[in-house]
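Peer 1: Sequence:
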Amino acid sequence: MQAITPEVFFSALLLTVLAGLSTGIGAVIAFFSKDNNYKILSVGMGFSAGVMIYISFAEILIKSQSGFAKIYGELTGEVFALITFFVGIGIAAFIDWMIPDDVNPHELKSNKELGELKENDDSTINKQTLKRTGVFTAIAIGIHNFPEGFATFVSALDGLALGIPIAIAIAIHNIPEGMAVSLPIYHATGDKKKAFYYAFGSGIAEPIGALIGFFILLPLMGDLTLGLTFGLVAGIMIYISFDELLPAARIYGNSHTTIIGIVLGMGVMAFSLLFFKIIN
13 MQAITPEVFF SALLLTVLAG LSTGIGAVIA FFSKDNNYKI LSVGMGFSAG
63 VMIYISFAEI LIKSQSGFAK IYGELTGEVF ALITFFVGIG IAAFIDWMIP
113 DDVNPHELKS NKELGELKEN DDSTINKQTL KRTGVFTAIA IGIHNFPEGF
163 ATFVSALDGL ALGIPIAIAI AIHNIPEGMA VSLPIYHATG DKKKAFYYAF
213 GSGIAEPIGA LIGFFILLPL MGDLTLGLTF GLVAGIMIYI SFDELLPAAR
263 IYGNSHTTII GIVLGMGVMA FSLLFFKIIN
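Here this note's numbering is used: position 160 in the sequence shown is 172, and no number is missing along the way.
What the hints contain is simulated information worked out from the structure, not anything from laboratory work.
Here the structure is a predicted model, which means the values were calculated and not measured.
All residues carry an ideal CB built from backbone N, CA and C; glycine is no exception.
Mixed in with the good hints, there may be bad ones.
As the list claims (entries may be wrong) - Pairs of lysine-lysine, DSS-like flavour, derived with a Cα cap of 30 Å:
(1) Lys-289 to Lys-51
(2) Lys-51 to Lys-204
(3) Lys-51 to Lys-206
(4) Lys-51 to Lys-205
What the hints assert, rightly or not - Cβ-Cβ distance ranges computed for the label pairs, FRET-style:
(5) Pro-259 to Lys-206: 27 to 35 Å
(6) Gly-202 to Asp-235: 52 to 60 Å
(7) Ile-74 to Val-280: 18 to 26 Å
(8) Phe-254 to Asp-203: 35 to 43 Å
(9) Ile-228 to Ile-52: 24 to 32 Å
My request is simple: use the sequences and hints to build the entire structure.
Peer 2: In structure tokens form, the structure reads like this:
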């Protein structure tokens with residue numbers, strides 16, 4: 013990992029903030045979108061998954077193995093990296109499991125369900141219940157965004173070649189989460205500003221998670237900590253990709269839009285990493 017100067021720190025924090033607060037984009041889309049916009053969202057989420065899957069296996073997990081190998085040797089280091097990787101998946105899965113399905117933003121709605129939510133009139137909506145759903149969804153997203161913020165921040169600390177594409181991928185991933193918060197609150201209150209603020213605010217957990225993780229790990233920075241951190245980050249990102257992004261891409265579009273997004277994401281990630289290696 014590069015030296016953590018104030019410039020590196022604040023650049024990584026800015027990327028994490030921008031990625032987290034992209035939930036506000038989801039709120040705007042929820043207010044003004046039509047059904048035919050969802051295919052673009054499907055490609056975008058497939059793109060995010062492609063970026064995160066490729067970079068997790070091609071870069072981040074390798075960095076974990078390298079950190080452990082400097083202490084324990086190549087073979088043992090690889091074993092520890094793989095253990096840490098699956099622990100990261102387990103942590104993300106446990107957080108997901110702790111959130112009830114009815115307020116979990118990753119228990120996805122189909123286009124039909126989203127359309128029905130928009131079309132329901134006041135007589136068929138229990139507004140108080142709907143508002144409570146939106147608030148609890150915002151809280152659930154906040155809890156879920158802690159490890160995502162940490163993953164984005166640590167990757168950005170290691171360099172912009174990793175940080176920028178991961179921040180973009182997380183930002184795209186956060187767009188439907190903003191929709192999940194804003195739709196019920198908007199239909200319960202009729203207040204677009206309030207719905208937007210809830211969606212926008214739910215993303216603040218990402219930079220908070222980044223800062224908490226950073227200041228806990230900062231005194232322990234070394235090869236062992238880097239091995240642990242990158243292993244966990246790779247596991248968290250793989251879980252996000254397979255449990256959240258790919259199913260969402262399939263629901264909002266179809267198998268073709270999903271695979272187009274995945275291939276585009278992997279291609280952009282592969283060539284951008286190659287480009288950064290050439291210029292450096």
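Peer 1: Range hint 27 to 35 Å: satisfied by the CB atoms of Pro-259 and Lys-206?
Peer 2: holds, 29 Å
Peer 1: With the threshold set at 30 Å, check whether the alpha-carbon distance from Lys-289 to Lys-51 stays at or below it.
Peer 2: violated, 34 Å
Peer 1: Determine whether the Cβ-Cβ distance between Gly-202 and Asp-235 falls within the hinted range of 52 to 60 Å.
Peer 2: holds, 55 Å
Peer 1: Do Ile-74 and Val-280 keep their Cβ atoms within the hinted range of 18 to 26 Å?
Peer 2: holds, 19 Å
Peer 1: Please verify whether Lys-51 and Lys-204 have alpha carbons no more than 30 Å apart.
Peer 2: OK: Lys-51 and Lys-204 at ~24 Å, within 30 Å.
Peer 1: Can you tell me whether the CB distance of Ile-228 to Ile-52 sits inside 24 to 32 Å?
Peer 2: violated, 38 Å
Peer 1: Given the hinted pair Lys-51 and Lys-205, is their Cα-Cα distance within 30 Å?
Peer 2: holds, 26 Å
Peer 1: Given the range 35 to 43 Å, decide if the beta-carbon distance of Phe-254 to Asp-203 lies inside it.
Peer 2: holds, 36 Å
Peer 1: Does Lys-206 sit within 30 Å of Lys-51, going by the straight-line distance between their CA atoms?
Peer 2: Roughly 27 Å separates the two Cα atoms, so the pair holds.
Taken one by one, the earlier hints fail for this structure at numbers 1, 9, listed in ascending order.
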